[in-house]
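Work out the full structure, taking the sequences as your base and the hints as a guide.
The chain contents come next:
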Amino acid sequence: MLRQLRLPRSGQAREGSPWKGMWVVIGKEMADHLTSARMLILELLILLTATGTVYVALQNMRQNTNNEAQFVFLRLFTTSQEPLPAFIGFLAILVPLIAIALTFDTVNGEFSQRTLSRVLSQPIYRDALLMGKFLASLFTLSLVLSAIWLLIIGLGILGTGVAPSGEEFVRILVFLIVTIFYGGVWLALAMVFSTVFRQAATAALASIAIWLFFTIFWNVIAGVIARALRPVQNGSVAEVMAQAELLQTLARISPNTLYAEGTVGLLNPATRAFGLVLPTQLDGAILGAPLPLGESILLIWPHLTLLIAATVLLFAVAYVIFQRQEIRA
Amino acid sequence: MGEPVIETKDLTKRYGQFEAVRSLNLTVEKGEVFGLLGPNGSGKTTTILMLLGLTEPTEGQVRVLGYDPAREPLSVKRRVGYLPDQIGFYDGLTARENLFYIARLNGLSRKEANQRIEESVERMGLTPVLDKKVKTFSRGMRQRLGLAELLLKQPQMIIMDEPTLGLDPEAARMFLQIIRDLKDTGITILLSSHLLHQVQEICDRVALFHRGKVVLTGAVGELARRVLGGAYHIRVCADGTSKELEQALRTLPGVVNLRYTSVGEIVLETTNDMRAEVASTVVTAGGKLKSLDIEQPNLDEIYAHYFEEVEHVAAA
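Protein chains in written order, with this note's numbering: chain A, 6 to 334; chain B, 938 to 1253.
Be aware that one or more of the hints could be misleading.
[Said to hold, decoys possible] If we take Cβ atoms under 10 Å as the criterion, some of the chain A residues that face chain B in the derived model are: (1) 29; (2) 32; (3) 36; (4) 37; (5) 117; (6) 124; (7) 125; (8) 128; (9) 331; (10) 332.
Just so you know, the hints here were simulated from the structure itself, not pulled from any lab data.
Where a beta carbon is used, it is the ideal one built from N, C-alpha and C, also for glycine.
Structure (structure tokens):
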């Protein structure tokens, strides 16, 4: 018997697929999300802002029918009128909140309810549980955002009487994808905290703290750093350029900046670059003329890639921490 | 000897400097009820987690039902049911939803899952509360729901961590009866407990843990003979006990020790059941015998006695 003990049955590889049972987890978690009171409140909130801002945008467009018959649908998302900000402004704030609400207690909740050891003693790997939880949150977020997105298109068609053009449709579709991954970053971040902190309240506060930091303080701090590292002493163009470039690079560490630039690039087709533009670069350009669809997408491609990369990276961090954690609370 | 379902060889788990389990050698055979007993923090739960592949051993080997839990955890977990201590359920879901989730994680089809849920819940007497939310359940009900979950997996072996902890005496008794019934169906059961006296009657064999090491393994009676010398305690209550009577009892062959209780009863430690001899000795010596009881050897006593000896040896 003992001789048999020394011979492992298989090689060094783990048996079976790490994703076995993942869809069961996704099904259960999505059902939890979609029926929870927390999500209901956030959905109502986002519904309210969507209808509110679209209504205001439609009013605004009726009053200013003189010009810009182009891109009516895009202006539904971007038109603001005091005191309401545009819908994309609301999204920049609401999406992180929804994302954090979806995942801040997803792992530590299993610990505090003492369900983790029971679930992991079923024939699944930890991989399936964590991935399932993440995808369930991402799917829920996508579902909510897509529903709102369709609602706005519907309201737009009713309000303006025209259907979106092919180009407009592609632009707002890519905008939806950018929004989902902007949420993905915050989902993954809250998931990291949910794995690190055993108290759900601590995880929620930590996530909110990071969100506040990037929403309010980061731009100020980036400005201070840029002025300190690339001071403008002689007032030369090169110095001003260097400072502005550093400022922009620093600001882009924040997912909020990436999202803001991405949406502007997509929904305002006249956007041809972010940051400082020299007069020489505009040589031959017709100001205010829209960029073709392909060029706009090329412009925001790095932003979308960075948002996806940040999501994957943060999830990987949560994954590594979770794999190393002792099951026993 | 049946076939072994659990085998460990020099199994060790270290957390930094701390050795939670020290070179554990254990064999559990098919169909037996095996108890891992010892105080809290003596390594029982860590051992269980290693058997299930939920934590990796630092050194040594484990085989559960012929599989290596570290490399083939799915095969092990498919065949072994685990009831953790302080069992938790999703409070916001009903009992049925909780069980359904587990059934689906085990790869059962919807139809099969529903059928097995009905059966196992029926067996645990929880049918009336099947569609109630788990947050309304008492500790005893949760424990039974945990067992229902094990049953729907139809495991070859069940591992229970502190199954009677926090149950009132009536619920604990019921629970032990359920374990006996399960044993009768041929399932191997491994359970851990620090309430030695409570589980000693249902365990075929036990392993006593002390600071991460198994110090004694065997059937309870066998351990008693080994550690206590005399395995039987006879309690004599008689009027007119005298020095002569005491002397007569002491010289009976098979009597290992004699002591008085605080109320003046005599307790004899003997190697076999000597109630008849003791009774006739008392009567012959002129004492008036009022009662004569035999106490089964007690695991708590074995445990305490063993460590007294160990510490004596260490001090000497």
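Inset, instruction - List, from low to high, the hint numbers that the structure doesn't satisfy. - result: Of the numbered hints, all hold.
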